[in-house]
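Chains as they are written, first to last, in the numbering used here: chain A, 20 to 715; chain B, 20 to 715.
Simulated from the structure, these hints should not be mistaken for lab results.
Errors might be hidden in some of the hints.
Just so you know, same-sequence chains aren't split out, so a pair can sit in one copy or run between any two.
[Stated by the list, open to error] With a cut-off of at most 25 Å between alpha-carbon atoms, the simulated SDA-like pairs for lysine to any residue come out as follows:
hint : residue 1 : residue 2
1    : Lys203    : Asn280
2    : Lys491    : Ser301
3    : Lys671    : Tyr709
4    : Lys671    : Gly603
5    : Lys117    : Ala47
6    : Lys370    : Ala128
7    : Lys87     : Ala432
8    : Lys370    : Ala432
9    : Lys572    : Ser357
10   : Lys370    : Glu154
11   : Lys119    : Asp580
12   : Lys161    : Thr245
13   : Lys370    : Gly168
14   : Lys87     : Arg41
15   : Lys482    : Cys418
16   : Lys447    : Ile156
Just so you know, these numbers come straight off a predicted model, no measurement behind them.
2 protein chains.
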Amino acid sequence: MPTWIWYPGDFEICLGNAMQNRRTERGAFFPPFWKMDSHYVLVEFSKELDLQESEEVVIFTEGRANVKLDGQLLGLRVKPAMTESTLSPTVITIPAGKHKLNIKVHNQANVPSIYVEGKTVISDETWLVTYEDKEWIDESGKASDTSSGTVYLNTGRWNFNTPDNPPSKFKLAVQPLPVVNSEKQAKGTLLDFGKETFGYVKFHNLKGNGNLNLYYGESKEEALDTEKGETLDKFAFDQKEPKDFITPDSRAFRYVYVEDNQLSYDSVSMLYEYLPLEYKGSFRSSDELLNKIWDISAYTLHLTTREFFIDGIKRDRWVWSGDALQSYLMNYYLFFDSPSVTRTILNLRGKDPVTSHINTIMDYTFYWFISIYDYYTYTGDKTFIEQHYPRMQSLMDYCLSRTNANGMMEGLAGDWVFIDWADFKMSKAGELSLEQLLFYRSLETMALCADIIGNTDDNILYKKLAEELQVKIFDAFWDKEKGAFVHNREENLSSEQVTPYANIFAVLFDYLDAEKTQDVKQSVLLNPNALKITTPYMRFYELEALCKLGEHKHVLKEIRDYWGGMLKEGATSFWEKYNPDEKGTEHLAMYGRPYGKSLCHGWGASPLYLFGKYYLGVQPETPGYKTFSIRPELGDLEWIEGTVPTPTGEIKVYRDKEQIKVFVKSQSPDMEGYLYYNADKIKIQANKEYIIQVKS
Amino acid sequence: MPTWIWYPGDFEICLGNAMQNRRTERGAFFPPFWKMDSHYVLVEFSKELDLQESEEVVIFTEGRANVKLDGQLLGLRVKPAMTESTLSPTVITIPAGKHKLNIKVHNQANVPSIYVEGKTVISDETWLVTYEDKEWIDESGKASDTSSGTVYLNTGRWNFNTPDNPPSKFKLAVQPLPVVNSEKQAKGTLLDFGKETFGYVKFHNLKGNGNLNLYYGESKEEALDTEKGETLDKFAFDQKEPKDFITPDSRAFRYVYVEDNQLSYDSVSMLYEYLPLEYKGSFRSSDELLNKIWDISAYTLHLTTREFFIDGIKRDRWVWSGDALQSYLMNYYLFFDSPSVTRTILNLRGKDPVTSHINTIMDYTFYWFISIYDYYTYTGDKTFIEQHYPRMQSLMDYCLSRTNANGMMEGLAGDWVFIDWADFKMSKAGELSLEQLLFYRSLETMALCADIIGNTDDNILYKKLAEELQVKIFDAFWDKEKGAFVHNREENLSSEQVTPYANIFAVLFDYLDAEKTQDVKQSVLLNPNALKITTPYMRFYELEALCKLGEHKHVLKEIRDYWGGMLKEGATSFWEKYNPDEKGTEHLAMYGRPYGKSLCHGWGASPLYLFGKYYLGVQPETPGYKTFSIRPELGDLEWIEGTVPTPTGEIKVYRDKEQIKVFVKSQSPDMEGYLYYNADKIKIQANKEYIIQVKS
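Okay, chain A solo, but in the shape it has when bound (with noise of 0.2 Å):
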């Protein structure tokens, strides 16, 4: 089937500048602060073809287009009112036998793209696509060999399959929904849609002359604050015949207040706005409270699974590669959209040169190259490292460019230290243990990548830079009194802190050896006095840790804890941060405001995650599912069942306290894995039934 084809990334970048650029703060507009990246507007597709038979072939282009058959440019008439995006497309017919067809589109303002339909002939990713085809011609005439010194790649494509509907038209969907609840107050009118949302607000048969002014609240004290709330719209009208009335931009909200004056409307709905995406994954238990924190965890992850996997709906809307690391792992135990996930991976990169860290944040440089390897494990798409690795390394040059003379990363000028948003007080300065992991395990991820597209150089020499870099991480930050990695470095001097994080992320990265294991158990994970994470961006990984080592009961009531707990304060979605010992509308502030936060966060869906990846126990043990696991554990639970996707089908797990059932319908009939219970394991082939008795 033919479907609209680019250049990989392009579209990707320019959706994204589109929908970041869409931020505003009441009212105002709030770009990034991160440099935003271009297409190239000027590209050549190729495809060499073999044709049976002479065959008409429709060319669809998005950009002022040139068409070449065996290098010979072909006459297009060329009209007078020609825009530069004409949709009515070209037709040639290409004669049987081997042909050349190259097809140059220039586009400023949209990303050139191409859509070609024939019988045989058609746009998909098996073309080829270069921003600089060197095809000069001699003082003969004769054409360069552009055989020479010209990089091609892959075409980029997603779900643009008509021709009608070309890259540059691209829209969510929407859904009408209508207002749950309305109260009057003084100067207006308080909408309550009955949950977190996100949309167009809309006026039925609005008319007259006047102002209309629309505060949106995640909560309704934001909503009704009409001086503080975070955002609005402001419109003025001067309509005598009664019309319909949709905002033009959408937004995140569970309540609107309407003040308006001389103007009328019949009624106010709304226009749901969302990314089409199927539940693949679902998770199931004898407890009803983690049931609806799990449901609560997809619409949360299928709120901020939009153009992009994006941090909040209300804020910031933008592309945060730490953010969004997480809701790929999410994303692969409920959605399984690697679109979604590649889309973003694109735009997050950009292009060369590079100029800061992603997001100019350390640590979500090395999120960027961690995620890469995950995408691989899950989907097994080799093609996408293939085409890719050259951004990967030069991102990875840019880090090294900048390392200290210990062959550590801190930050320096314009660089944003993150880790994460803290109650307690750390220091962001000299080489944080934390930042240190995430390089080593970044070098790793570039060896393991250079290994799969057969680059043995590359593989060796980040081989032993991350082996040089694991010593010294022991040696600067490993505290065997304390039982724990320290905080950070400075000025050659270790800090006495422990904070969670390195600690962490040396349990799930597998760096530590038994003993140290348990020590950092102890120490920090199981140790009440330990600092406390705030977010559920880190508890994500806490969690995981202590999953990982087993502490599955432990880790459930922490979830009934932290996420039940959300839930009693009135949650819909889940937050982008959440102290439990504050109160009211405490809940609310962040970043000095008091509706700053988010209440809509990616980051806060990681039961998705954990439930699928520790409770039912599935994932990949070789990249793309081709061999698995399924360990399914109860913690305190009676039963639990559900079911994780596959790139091929999906894998469905039940357990209760006698029985265990797992049944993996693949497509792929020789995937094959084992599913681990108490000591046991035996070996689960695809497509059937398993019905084993355990005793737990």
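Once you have looked at the hints, place chain B on chain A.
Structure of chain B alone, referenced to chain A:
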């Protein structure tokens, strides 16, 4: 006076994309084959203010804007029908005192730019701009220290000095011109506009239902050859009411052959399209042929000085570095229009990363370096070097990353080694002597520019690299017996062929001692059996070298023969190539196409430069003509007179066999120089008239 400002280089890149993607070949779109960059889509402008009194400031932007005063975001009302590129201004009031004003603009389709108009607060090149302000906030809402890590440049500007004429609306000027002669043909009408020209064809009161085909010709033969002419336009009409029709794209032509059916119109004229420029330089002599050559040269340069200095007006209408370098030099003796020079330099360089040579041509990369030092020499514009030194550096890094084991540069995969269009055979393989000389000169340029901006380390580095290369060049290519540089060295074997190129440039760059200079003069420059140059492009350097060696009479003879030869063939502008041995329509052919040759090519206009620099004899001795020299030379002429523009005025020179008159008009009274004549020299001060009696 306020003016529209932008990120330096960005307008230049986008205007270039628009212009260079306007080429067509027989109606088909014909884009460039090198990478086209794009503007930064999100940039931040800033200015520190100190106001005596409160002031109202009007802000116009191209793109959606975010305005901050002293770090506080100003809420701007969002309108329902808001477009991305809104020109409706924002008015803010800034209180007296010290303030910081920041305006951040997003624009994907056009270059983000601003126009700020207050009593004292105005947008100009003193504003700073960045594509990455890195202004994040911490958990308390405090903004990061923006002074760290962000690179600011001074803004770019040109002549967009009113709010309603923003950069996106740039258009060249037009002027109506009549048909000079009209001739009925079998199936249509041949229009003659009297000389080579450029613009839009206009049909007055056109009506009917039918087709209109226009075949353009720089020659009568080309216009009438409907099968093989290079440019044409075909239109279809169905209009009952008579209406003027102007062709949508401007074209180069002297002749237009019009075929139409079922259409009627009153008359045809054209709109001559041009960049409005003042002819500041002039030249007259006792030889009317030379005067005509100067006039046609000036017209040729004007036709090819448009959005940028382009190669030819029929084709390619692209910006080529080697061609542009010559246009810059001619420009210093005709228009002295610096913005046209910097626009072209910035367009050619584009953005990082460097993925190929400029225009993909190795020699063209080197000419780009050389052009910057020339620009500095003629204008004294140090800011330009300061702002763009990083782009010089990264291009030189690209070159240095491609040197071979001998430290020399040879054509690698994807490199075009151009040198010249020549009628003899020469190798482009291995180490070419000309390429190494240009590389050497480029390294010297880097050292000079490093010194100008006070970068001592780089100055030392590049000097050292240049010196090492110089030694190798003489070792590899100087053939003592031949008294000349040989053409190249392949696989460590020096060739036997002597081509003019390296020898000419060695003279121009003063790299030869007196003995070697004489060798080159006799064995190459004045040797009637040496290989013949048949492009004005390389004749430029050949004749300049002869002028440097004092061969003024010989050069005048060459100019009369060569440029006079084109005039005899009916030229109304100078050509891309001219081989006096060819006959009739052979003069029109090139690249294996009967009308492939451009009959109006920028590099054809070099007499402008030769007359100004070597006959009027005026050149800067220190940057920007702070000091200068005047060496008037008659050659075989009775008298010469003319004007050479400078950044602060002009230098008028007259010489005949008895008298020299010099007048240096300047706004800079401390400008001074020397007049050299015969064996004497006298000091010349600005704004004083000098009349010197000489014996010649």
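Comparing the hints with the structure gives:
1. Lys203 <-> Asn280: within (14 Å within a copy, 71 Å between copies)
2. Lys491 <-> Ser301: neither (43 Å within a copy, 72 Å between copies)
3. Lys671 <-> Tyr709: within (10 Å within a copy, 100 Å between copies)
4. Lys671 <-> Gly603: So Lys671 and Gly603 fail the 25 Å test inside a copy (41 Å) and across (84 Å) alike.
5. Lys117 <-> Ala47: between (57 Å within a copy, 24 Å between copies)
6. Lys370 <-> Ala128: both (17 Å within a copy, 18 Å between copies)
7. Lys87 <-> Ala432: Result: close only across copies, 23 Å inter versus 49 Å intra.
8. Lys370 <-> Ala432: both (21 Å within a copy, 23 Å between copies)
9. Lys572 <-> Ser357: neither (32 Å within a copy, 75 Å between copies)
10. Lys370 <-> Glu154: For Lys370 and Glu154, the Cα distance is within 25 Å both inside one copy (24 Å) and across copies (21 Å).
11. Lys119 <-> Asp580: neither (63 Å within a copy, 47 Å between copies)
12. Lys161 <-> Thr245: between (70 Å within a copy, 23 Å between copies)
13. Lys370 <-> Gly168: Close inside one copy (20 Å) and across copies (19 Å); limit 25 Å.
14. Lys87 <-> Arg41: Intra 39 Å, inter 17 Å, cutoff 25 Å: inter-copy only.
15. Lys482 <-> Cys418: within (16 Å within a copy, 30 Å between copies)
16. Lys447 <-> Ile156: Close across copies (14 Å), not inside one copy (56 Å); limit 25 Å.
Checked against the numbered hints given earlier, this structure breaks hints 2, 4, 9, 11; the rest are met.
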